[in-house]
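S.K.: Sequence:
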Amino acid sequence: MENQTVTGTIDFNTSELKLKGFKVYEINNDLSTIPTYNRRDFYKICMHTGQSFIHYADRGIEVDGTILFFGNPYIPYSWEKNSPEFSGFACVFTEEFLRVNDRSESLHECPLFKIGGTPVFYLSAEQKQFISGLFRKMIEEQETDYVFKDDLLRNYINLIIHESMKMQPSENFFKHKNASSRITSLFLDLLERQFPIEAKDNPLKLKTAQDYAQSLSVHVNHLNRSVKEVTGKSTTAHITDRIISEAKALLQHTDWSVADIGYSLGFEYPSYFNNYFKRLTGTIPKLLRT
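Every letter in the sequence shown is one number past the one before it in the UniProt record's numbering, and letter 261, counting from 1, is 261.
These aren't lab readings, by the way, just hints derived from the structure by calculation.
These numbers come from a predicted model, not from an experiment.
Please note that a few of the clues may not be correct.
[What the hints assert, rightly or not] In silico DSS-like pairs for lysine-lysine, Cα to Cα no more than 30 Å straight-line:
(1) K228 / K248
(2) K278 / K233
(3) K114 / K205
(4) K200 / K248
(5) K205 / K248
Build out the structure end to end from the sequences listed, making use of the hints.
M.R.: Right, dumping it as structure tokens:
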């Protein structure tokens, strides 16, 4: 059977998901039931059975059987279905949903979601039965009116996480043959995921080549060489062009102040944003509004 890349989006409102912070669903042979989110807000735990190929950062893995996959929203991934039978469960959630207080450990520190970790675990028949039961309980629970429903759902997620931490991760990763093209594609994808800016009080987090290299778990020199080799432009030039493009869009299509726009793009002080914008465009930001 010809390989199919999973790029569809599931039919539920992501604005509602942001509000509630959680969604669990069953996967079937219809590729459209496996969502690919363009925003960085959501973590994902997926259990699936079948033959598939997962691209994750600059690595890839072929799987045949039942696995658990842990998706970090800062790392782009894609999923190719290699067999007609493809089933399982998945849940997506925000870090705010899972962390009940500021003292809780960040998901970035969890071995399953930590950048640079191994996100795939094979399940035995017994483990599959147990984890499937937890997903089914979550599906049933999310439709109830139980006043402590969120607490119960968090407990199910944490139980899956702790059961998984007792397993041995898969070590079948390999480097893609065209490493430069692959890492460049990942960088450009991750860059685009940072936009559009949707809230002026949630500033851009990845602003430099070092930020992107760290998020992709590669050395910044490797990232810079790869991007320059493939595109002819530096990593910094790509980041700068995208920031300026977003700045122009915000200036022309929102009523945010120049200071708010600058802050949303990662500039702590308005003067920094004004100087940056003028140096790269030859004009000051407010002139785009006259």
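S.K.: Decide, hint by hint, whether the structure agrees.
M.R.: Right, here's what the structure says about each hint:
Proposed proximity of K228 and K248 is supported: the alpha carbons are some 25 Å apart, at most 30 Å. Of the supplied pair hints, the one linking K278 and K233 holds, its CA atoms being roughly 21 Å apart against a limit of 30 Å. Distance hint between K114 and K205 is fulfilled; the C-alpha atoms sit about 17 Å from each other, no more than 30 Å. Taken as a hint, the K200 and K248 pair is honoured in the structure, with Cα atoms around 15 Å apart against an allowance of 30 Å.
With a CA separation close to 19 Å, the supplied pair K205 and K248 stays within the 30 Å bound.
Against the hints set out earlier in the document, no violation occurs for any number.
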